[in-house]
Amino acid sequence: IGFSGGIDSSLLAHLASKLSDIRLISVFTKGSIDERESKASATCLGLDLIEICLSEERIKQLVTKVFKLIERRSPMDLAIGVVVHEVASVARKEGCNGVILGQLADELFGGYMKYLRAYKDKGLEETQSMMMNDIKTAHKVNVERDEVVSSPFSELLLPYASFDLTDYALALHPCLKMNIETNSRKIVLREAALKAGLPEDIVFKPKKAMQYSSNIQKYIEKMRF
Numbered sequence: 001i002g003f004s005g006g007i008d009s010s011l012l013a014h015l016a017s018k019l020s021d022i023r024l025i026s027v028f029t030k031g032s033i034d035e036r037e038s039k040a041s042a043t044c045l046g047l048d049l050i051e052i053c054l055s056e057e058r059i060k061q062l063v064t065k066v067f068k069l070i071e072r073r074s075p076m077d078l079a080i081g082v083v084v085h086e087v088a089s090v091a092r093k094e095g096c097n098g099v100i101l102g103q104l105a106d107e108l109f110g111g112y113m114k115y116l117r118a119y120k121d122k123g124l125e126e127t128q129s130m131m132m133n134d135i136k137t138a139h140k141v142n143v144e145r146d147e148v149v150s151s152p153f154s155e156l157l158l159p160y161a162s163f164d165l166t167d168y169a170l171a172l173h174p175c176l177k178m179n180i181e182t183n184s185r186k187i188v189l190r191e192a193a194l195k196a197g198l199p200e201d202i203v204f205k206p207k208k209a210m211q212y213s214s215n216i217q218k219y220i221e222k223m224r225f
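According to our numbering, the residues represented by the sequence shown are 1 to 225, in order.
Some hints here could point you the wrong way.
[Claimed, not checked] No more than 30 angstroms apart at the CA atoms, straight line, and that leaves these computed lysine-lysine pairs for DSBU-like: (1) LYS136 with LYS30; (2) LYS93 with LYS39; (3) LYS18 with LYS222; (4) LYS18 with LYS218; (5) LYS68 with LYS30; (6) LYS65 with LYS195; (7) LYS208 with LYS30; (8) LYS114 with LYS39; (9) LYS60 with LYS222; (10) LYS218 with LYS60; (11) LYS122 with LYS93; (12) LYS30 with LYS65; (13) LYS18 with LYS208; (14) LYS205 with LYS68; (15) LYS140 with LYS60; (16) LYS218 with LYS39; (17) LYS222 with LYS65; (18) LYS205 with LYS195; (19) LYS114 with LYS136; (20) LYS30 with LYS60; (21) LYS93 with LYS218; (22) LYS222 with LYS208; (23) LYS65 with LYS208; (24) LYS30 with LYS218; (25) LYS68 with LYS195; (26) LYS114 with LYS18; (27) LYS140 with LYS68; (28) LYS205 with LYS30; (29) LYS114 with LYS222.
These are calculated hints, taken from the structure and not from any lab test. Bear in mind that the values here come from a model prediction, so they are computed numbers and not experimental data.
Please take these sequences and the hints and turn them into a complete structure.
Next comes the structure, spelled out in structure tokens:
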């Protein structure tokens with residue numbers, strides 16, 4: 001499981017650990033939020049964590065490989081690609097037969113701040129349209145990238161992208177996902193996580209997107225390639 005310590009990957013880890021032997025793999029740079037929070041959440045869950053701390057030189061090597069695979073230059077795509085590529089590589093060395101990622105949780109359950117802003121400024125219809133568009137294009141924008149960089153090593157598993165869960169999430173009113181008065185996001189997902197037994201410290205932990213919290217995108221933005 002690609003693990004950053006936030007609610008998305010922690011809920012998957014918590015549930016999967018009841019069903020199978022799993023490995024949590026976190027990829028980050030020294031001194032980043034993910035270095036601290038992935039370890040804290042893994043300890044809270046009572047699960048072992050494989051920590052991969054990337055140096056600037058290693059990031060440069062991985063960016064070169066990932067760019068050749070995905071043919072995209074945006075720092076965000078390259079940062080996510082580097083993490084997924086490294087998680088899949090380590091997973092194979094650990095003898096795992098698949099890599100689980102928390103992709104699509106933000107699109108389905110209102111995790112992005114842009115949805116909250118749209119809800120406040122433009123209303124319900126615009127917010128629903130934005131979320132629906134992100135879900136419809138996710139296969140091309142996100143999933144294709146992640147499958148390409150992980151495919152040399154492992155099968156990619158995306159539980160949040162399952163058809164049943166997607167249908168369920170799409171049927172939910174945005175007010176069950178976001179609250180513009182309290183600035184809350186992923187409301188229903190957090191409630192489900194609590195009922196599943198995930199500790200409150202993890203459920204309500206503030207979390208940035210992995211490319212930022214790992215500090216990998218910051219390194220890539222400084223590079224020339």
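Hints, one by one, checked against the model:
1. LYS136 with LYS30: 36 angstroms, violated
2. LYS93 with LYS39: 21 angstroms, holds
3. LYS18 with LYS222: Given pair LYS18, LYS222 is violated - Cα atoms ~42 angstroms apart, limit 30 angstroms.
4. LYS18 with LYS218: Distance of about 36 angstroms is beyond 30 angstroms: violated.
5. LYS68 with LYS30: 26 angstroms, holds
6. LYS65 with LYS195: Distance ~41 angstroms between LYS65 and LYS195 Cα, so the pair is violated.
7. LYS208 with LYS30: 17 angstroms, holds
8. LYS114 with LYS39: 28 angstroms, holds
9. LYS60 with LYS222: 11 angstroms, holds
10. LYS218 with LYS60: 12 angstroms, holds
11. LYS122 with LYS93: Not OK: LYS122 and LYS93 at ~48 angstroms, beyond 30 angstroms, violated.
12. LYS30 with LYS65: Satisfied, since the Cα-Cα distance of roughly 22 angstroms is no more than 30 angstroms.
13. LYS18 with LYS208: Status holds; Cα separation ~27 angstroms.
14. LYS205 with LYS68: Violated, at roughly 35 angstroms.
15. LYS140 with LYS60: Given pair LYS140, LYS60 holds - Cα atoms ~25 angstroms apart, limit 30 angstroms.
16. LYS218 with LYS39: 21 angstroms, holds
17. LYS222 with LYS65: 17 angstroms, holds
18. LYS205 with LYS195: Holds: LYS205 and LYS195 sit about 16 angstroms apart, inside 30 angstroms.
19. LYS114 with LYS136: 17 angstroms, holds
20. LYS30 with LYS60: 15 angstroms, holds
21. LYS93 with LYS218: 28 angstroms, holds
22. LYS222 with LYS208: 20 angstroms, holds
23. LYS65 with LYS208: The hint holds at about 25 angstroms.
24. LYS30 with LYS218: 12 angstroms, holds
25. LYS68 with LYS195: 43 angstroms, violated
26. LYS114 with LYS18: Roughly 34 angstroms separates the two Cα atoms, so the pair is violated.
27. LYS140 with LYS68: Distance of about 17 angstroms is within 30 angstroms: holds.
28. LYS205 with LYS30: 21 angstroms, holds
29. LYS114 with LYS222: Status holds; Cα separation ~25 angstroms.
When the structure is compared with the earlier hints, violations turn up for hints 1, 3, 4, 6, 11, 14, 25, 26 and for no others.
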